[in-house]
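> Construct all of the structure, not just a fragment, from the sequences and the given hints.
Chains as they are written, first to last, in the numbering used here: chain B, 247 to 1136; chain L, 3 to 111.
No incorrect hints appear here.
If you want the footprint, here are the derived chain L segments under chain B, 3+ residues with CB under 8 Å:
id : stretch
1  : 23 to 31
2  : 76 to 82
With a straight-line Cα cutoff of 27 Å, these simulated BS3-like cross-link-like pairs (lysine-lysine) come out:
id : chain 1 : residue 1 : chain 2 : residue 2
3  : B       : LYS511    : B       : LYS548
4  : B       : LYS595    : B       : LYS1095
5  : L       : LYS42     : L       : LYS99
6  : B       : LYS595    : B       : LYS388
7  : B       : LYS308    : B       : LYS262
8  : B       : LYS408    : B       : LYS388
9  : L       : LYS42     : B       : LYS298
10 : L       : LYS42     : B       : LYS308
11 : B       : LYS282    : L       : LYS42
12 : B       : LYS262    : L       : LYS65
13 : B       : LYS573    : B       : LYS915
14 : B       : LYS408    : B       : LYS573
15 : B       : LYS511    : B       : LYS493
16 : B       : LYS415    : B       : LYS511
17 : B       : LYS308    : L       : LYS65
A few chain B residues that don't get close to chain L, going by computed Cβ distances all over 12 Å:
id : residue
18 : GLY287
19 : GLY432
20 : GLU559
21 : ARG697
22 : PRO795
23 : ALA1111
Worth flagging that the hints you see were computed from the coordinates, not collected in a lab. Every residue gets a Cβ at the ideal spot worked out from N, C-alpha and C, and that includes glycine.
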Amino acid sequence: MLNDILIRLRAMFRRKRVEGELDDEIRFHFDRQVEKYVREGMADDEARRRAKLEFGGMDQVKEECRDARGVEFLETFFQDMKFGLRMLRKAPGFAAVAILTLALGIGANTTIFSVINTVLLRPLPFPNLDRLVLVWETDASKPDDPDSFNIVSAPNFWDWEKQNDIFEKMAIFDSAGRGYNLSRGGEPERVSGVRVSADFFRVLGIEPLLGRTFLPEEETAGRDREVVLSYALWMRRYGGDPQIVGKQIRIDGEDSTVVGVMPQKFRFQFWSHERELWVPMGYTEGDRGRDSNSFLCIARLKHGVTIAQARTEMHTIGQRLMQEYPKEDHGMSATVEPLATAGMQEVQKTLMALLAAVGFVLLIACVNVTNLMLARSATRNKEIAMRRALGARRLRILRQLLTESVLLATLGGVAGLLLALGGVRLLGSILPDALRSSPLRPVTEIPLDTRVFLFALGISCAAGILCGLVPAFTAYKGDVNGLLKEGASRGSTESGGRRLRNVLAAAEVALAVVLIAGAGLLITSVARLLGVDPGFNTKNALVMGITTPQVDLYYGPPTNELFCEQLQQHVGSIPGVLSVSSISTLPLAGMATRAVTAEGEPYPGRDNNPWGKYNLACPSYFRTMGIPIIEGRELLDRDAVDSEQVAVINESMAHKYWGKKDPLGRRFKIGHPDSTGPWITVVGISRDNYQRGLDRSIYPEFFRPFTQAGWPVMTIIVRTASSPLAFTQVVKKALAEVNPDVPVSGIQTLDDIVTDSVGDRRFPMLLLSAFGVLALALAGIGIYGVVSYGVSQRTQEIGVRMAFGAQPRDVVKLVVGGSMAWTLAGIGAGILGALGTARLLSGLLFGVKATDPFVLGGVSLLLLAVAMAASYIPARRAMRVDPMVALRYE
Amino acid sequence: MTERIDLPQGTLDLLILRTVALGPQHGWAISERIHQVSSKVLQVQQGTLYPALHRLERRGWIKARWGASENNRRAKYYELTKSGRKQLETEESEWKKLTAAIAQVLETT
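In C-alpha cells:
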C-alpha cells in the first residue's frame, strides 16, 4: 500500500526522472534485441527493422507503463484542475459570484457547526464517561419520563447509597449553589461555589492537581471550613501559589483552609455558570428533611452494569423507601439517566433546527450556482461537443466538469472558513445562557478545530458535486454534429434547459419560503412573548445581587436582622431613588419552593404539587416592584422577628389552597400536615406575576418578611426616577458604607431581566432571521439570473413580437408573467415544506401556530414581491429591445 | 520458426516472478529466459512485459535498481521482494492445482 503510493507520487513529482528511466530501459531492451539479431547473422538495418517491428509502437509501450505505474489518475486530476482554473480565470465575474455565493452558504454552515462542535460534540472530560449517571427522584407512575425527574433529598440519597449494589460511588451537590464572598488578599470578590459530598470528585474520577479533595468526616457541620479551589480561581486570585494548600482564606467573613486545587481541565457547571470553589457539605438541620429536595445526585456505575439494570434496581429501592416513608416519599421512586446527555435535549433541538436552516441556505446557494453553471454551459456546449467528437468518454467529461465545480466549491469553502472566523466571534457574543451554561459544558470560546475544518472541507466537496451534477449530466445531452455547427446552439435543447432552470429557481423559492417562514414564526413568538405583561413594572428599576451573612443557610431567622433597615437608610435616602427593597429570588430568576399546608383545609396531596414558590422580602417589596396588592396589605417595617409570623400570598396560592374563601387572616404552615413549623398568617394578596419565564405557568407563591426568616443571597431592587443604570455607582457606594467586604454582582435593569428571559428564543430568532435575509437575497439573485438569462436567450423572439406590434407592457407581462408561474409553484411547495418542518421549531414557538396564516401569507407575499422585482429589471431591459437590432441577429 | 502460443491470461506475472526468483534480471534477460526455458514456445511481447514489470513493482512484489549489464551498459534490474516470494508461492500452487484439475478433466473425457 505504502509502496503503491510512493511509486505513484514519485511518478508525479519526479516526472522527468521517471520518464528518462523509462526511456533508458526500453532503449536498452531494443539495443540488446538488435545485438542478438546481428549475432545471429542479420545485417544491421535488417536487425533494427525486425526489432522495431516486434516492438510495436514504442510510445504505446511507454504509455502503458505509465498507466501501470498509476500516473494517470492523479495526472488527469491535475490536468482537470489546471483547466478548471483557466476556465475560472477566463470568466472572473461568474467565478466571483459563484465563489461568494458558496462562501456565504459554507461559512454559515461552518459557523453553526462550530457551535454544535463546541457545545454538543466535545466529549466531557471524565474518565469512563459511559458509567457516569445522574440519579433522580421521580414519579412512581412514570419513573423514566424526564418530565418527572426531581432533585433529591439528602436522607433519600443516604438510603440509596446504603441499599444499592450497582454503584461504585455516589455523591450529591447543591442544585443551586451560591456566591461565596472572598475577602482579604485583594478586592472583595464573589465567586460561584457549591457544596459537595465527600465522594464528589472521586465519582467524576478527577484527581486534584494539588492537595486532596474532601473526607467523609468533613460532611459534618463544624468540620466543614475547608475549600477546594478551581484552577482558574487559584491562578487569578492567588497567583498560582504552589504553597496554597494548608493556607487560610476568608470566605463569607470566616477562615477556611485550602485543602486542594483542581487541575485546569476540570471545569464544572450544572444549571449555573462555572463553579470556582467547592466546600464540604456540612449538612445543616434544613438539609436533613426527607422532603427537602435540593441536591443533584451523581454516581458511577460498577463495571458492566447497564442503564436498564440500574433503572430497575433504583425503581425497587424507590418502592421500598415509599413503603418505609409513606408520607414524605409518597408516590415516589428513583431512576438514573446517563450524565453524558443529561439536560441537553432542548439545546440539541435548537441547534439541530439551526443546522437545518443553514443547510437550506447552502442548498439555495448550490441551486444558484447550478443555475449559473447551466447558463454558462450553453456557451461551453461547443467545447464539450468538440471533446466528444474527439472521443472523450461520458465518464471522462462528467469527471472533468465535476472537478471544476468541486474546485469552485473548495475556493468557496476557503472563503467560507474566513467568514466563519468572523461568524463564531459574532456568535460568541450573543450566545444565550442556555448554550453557554449547558450542564458540564462551560463555553468560553468557540474554537475552529480540526473537526470544523474537516466539516468545511466535507460540505465544500458535497456542495461542489451537488452544484456540478445537473450541468455535468445535461452537458452530454444533444447531438454532437448539431452542436458543432455554427449558430445552432439555440435548438430544442435550449427549451429543455430553460425548463430545468425554472424548476431550479422554483426550488430555490421553496427553500427560501421554508426558511423565512421559520424565522417569521420565531420573530412572532418573541414579539408575543415580550408583549406579555410580566406582572410587575419593568421601567426604571435597577437590580443587583448581594449576600447577607446567614449561619443556617436557607432556614432560620436572619443572622443580620438589620439588613432591610440598613438598605432603607443608606440606599433609600439617595436623591432620585423612589423606593428600595430586596427579595430572595427575583421573578424570572428561578425558584425556591416549599411544601405548604393550609390550616383547616384538605391537603392537596403529593401528586397535586402541594407547594409554592418561597420568597423572603424586605418591606415595600410590592410597591418597589410595582406589583399591585389586591387585598390586605404589603410587607411593612412592623413585621419584626418577634411579631406575629405573616406572609403575603399571590392570587394563585389563594385560589389553590382556599378556593372561593377569603384567605385574609387565615393561616398556613411550611411542610406537610404533620410538620411542626409555626403557623403563618396571610396578611395580603398580590397580583400574580411570572416566575420562571413569560411562557411558563404561574405557580402559587408566598412572601415572608426577611426579618422572620433569613436567606444568604438577596437581590436588591431600586426604583428610580430616571435612567436606572446612572444610579449604579451611588448605590454601590451606599452599600459599601454598610459593609465594605461584601461585593455586589449581577447589576442589571428589570427591563434587561425580562429581555434576557427570552434569550433562549432570541438567539435562534436572530440567527434564523439572518439566514432568512441571506436566503431571500440569494433567491432574489437567483431569480434575477434565471430571468435575465432567459431574456437574453429570447431577444430575437421578443424582437419579432415587437415588430408585430407588441407593446412594452406586453413584453413585461410576458417576462414577469413567465417567472410568476414558477415562483408561485415554488411558494406553494415552500408552504408545504414549512408545514412539514415546523416540528423542528415546535418547542420554540409561543402564541403562534406553525400554520399561522399571517406568517405564511406574509412570507408568500414577500417572496412574490422579491420575485417580481428580480424579474422586472430584466423585463425592462427586454422592453427596450430594438426590434431591428434583435432581428438582425438572425 | 518455432511454433509459439499466446500466454493465458494472468500467467505472465507468474512467469516473471518465477524468473526473477533465480536472481536479479533486466527486462530483456527476463524475456529471453522465458523464451529459452520454454523451448522457444513462449514469447513475451515487450508491449506486455514492461507494463507488467511496472505493475508488479508498484504492487511491491519486485523491486528495481540500476546496475551495469554484461556488456557494461546501464540496465534496470528487477529482483523478487519478500512479499513477491509469498505471492509467487501462492500463484505457483494455484497454478499447479488448476493445471492438475484441467488435466484430470481432459483425461476423464
